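Colleague: First to last, the sequence lines map onto chains H and B. This note's numbering applies: residue 1 is where the first sequence begins, and numbers increase by one. This note's numbering applies: residue 1 is where the second sequence begins, and numbers increase by one.
Keep in mind the hints are simulated off the structure, nothing from the lab. Note that the coordinates shown come from a computational prediction; the quantities given were computed from them, not determined experimentally. Hints may be right or wrong, so weigh each one.
Pairs of lysine-lysine, PhoX-like flavour, derived with a Cα cap of 25 Å [unchecked claim]:
id	chain 1	residue 1	chain 2	residue 2
1	B	108	B	52
2	H	37	B	108
3	H	33	B	108
4	H	60	B	97
5	B	70	H	109
6	B	191	B	97
7	B	140	B	31
8	B	140	B	156
9	B	191	H	61
10	B	31	H	105
11	B	70	B	31
12	H	105	B	70
13	H	29	B	97
14	H	29	B	108
15	H	109	B	52
16	B	108	H	60
17	B	70	B	52
18	B	191	B	114
19	B	97	H	33
20	B	70	H	111
21	H	111	B	77
22	B	114	H	111
23	H	61	B	136
24	B	108	B	136
25	H	109	B	31
26	H	105	B	48
27	B	97	H	37
28	B	70	B	156
29	B	156	H	109
30	H	111	B	48
31	B	114	B	140
32	B	97	B	136
33	H	61	B	97
34	H	111	B	31
Residues from chain H that keep clear of chain B, each with C-beta distances beyond 12 Å, as calculated [unchecked claim]:
id	residue
35	26
36	44
37	58
Even glycine gets a Cβ: it sits at the ideal position worked out from N, Cα and C.
Each chain is listed here by its residues.
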Amino acid sequence: MPEEPYSPSPIGNPSVLARRNRWQTMLVKFIGKHTPKCREMVRILSQSMDEPMPLMMRIKKRLHFLICCWCQRYEEQLRYIHETARHFPEHADEASNVPFPPDAKERIKEKLAEQIR
Amino acid sequence: MSTFDVHAAAARWVDDHGECLYRYALVRVRKPEVAEDLVQEAFLAAVKGYEKFGGRSSERSWLVGILKNKIVDHFRKLGRETSFTDLEFLSDEFSEKFVPVGFWDHEKGPHEWKPAPDEVVHRAEFWQAMRECLSKLPQKVRDVFTMREMDDVPSKEICTILSITDGNLWVMLHRARMALRECLEMNWFDKPAGGRA
Numbered sequence: 001m002p003e004e005p006y007s008p009s010p011i012g013n014p015s016v017l018a019r020r021n022r023w024q025t026m027l028v029k030f031i032g033k034h035t036p037k038c039r040e041m042v043r044i045l046s047q048s049m050d051e052p053m054p055l056m057m058r059i060k061k062r063l064h065f066l067i068c069c070w071c072q073r074y075e076e077q078l079r080y081i082h083e084t085a086r087h088f089p090e091h092a093d094e095a096s097n098v099p100f101p102p103d104a105k106e107r108i109k110e111k112l113a114e115q116i117r
Numbered sequence: 001m002s003t004f005d006v007h008a009a010a011a012r013w014v015d016d017h018g019e020c021l022y023r024y025a026l027v028r029v030r031k032p033e034v035a036e037d038l039v040q041e042a043f044l045a046a047v048k049g050y051e052k053f054g055g056r057s058s059e060r061s062w063l064v065g066i067l068k069n070k071i072v073d074h075f076r077k078l079g080r081e082t083s084f085t086d087l088e089f090l091s092d093e094f095s096e097k098f099v100p101v102g103f104w105d106h107e108k109g110p111h112e113w114k115p116a117p118d119e120v121v122h123r124a125e126f127w128q129a130m131r132e133c134l135s136k137l138p139q140k141v142r143d144v145f146t147m148r149e150m151d152d153v154p155s156k157e158i159c160t161i162l163s164i165t166d167g168n169l170w171v172m173l174h175r176a177r178m179a180l181r182e183c184l185e186m187n188w189f190d191k192p193a194g195g196r197a
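Okay, chain H solo, but in the shape it has when bound (with noise of 0.2 Å):
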């Protein structure tokens, strides 16, 4: 089955190359070719955020971002998310209204009290 055409850029694509005359057509078709599609290129970044992305994959993944502002959007909102996550256990208690049983904090601090003494 013949590989269907790239999707054409629509009207106010911000991405830096997008579809706007016959060279960037062309460049943008050529990157679109030689690196890994979206659907790839998200799980990649995913797996970035934990280990290093090889120097090869880090050079296409700067020539995807120049055709496709979606996948670097998802990055920075990978890294969005990393930066938000590591401080919610500190906000907890912002997060739900699920009260700590009163007999429970009684008897943690009896258990403090009795470890202390």
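Go by the hints and put chain B onto chain H.
Modeller: Below, chain B alone, put in the same frame as chain H:
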């Protein structure tokens, strides 16, 4: 520090930080009685190690750090009982976001997120959205994600603790991040009360 001082400090920790520690433990382990036990263990460990607390971090950060270790120990103990062989949540449910050749569908790509992370951390509604989105993740995927991103456990150690392969870990983290990103966008960043405010 005298025994009296430690006693007073410990009682104050429970009043000031107990709620936060309990709610975090509950998000992680889901069972109230287990969460209570973990919080108790964390406070007992804090009293033992109080001399080592040099005030380099805030009291809450220090206590949360101790609780995180207790939670990881809890999962370590459970590790052998937890089967990750029947991996759930591995079907590609976000395939509608991409056109058949694998590029983003331009109508469905990620939206811009505002405000910046350092601003959003001060908004309780954001943490509520984060908790709700976490609760929608399947249990095993959530465990892996929270251990990696919230408890900051290295990937290799997570694989050992949960007896899973590197490959399974990458897939689960990828699915978790994708689902969480999507959920936060829908329930926070695209809402007037959230980033669009």
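Colleague: List in ascending order the numbers of the hints, as given earlier, that are violated by the structure.
Modeller: 1, 9, 22, 23, 29, 31, 36
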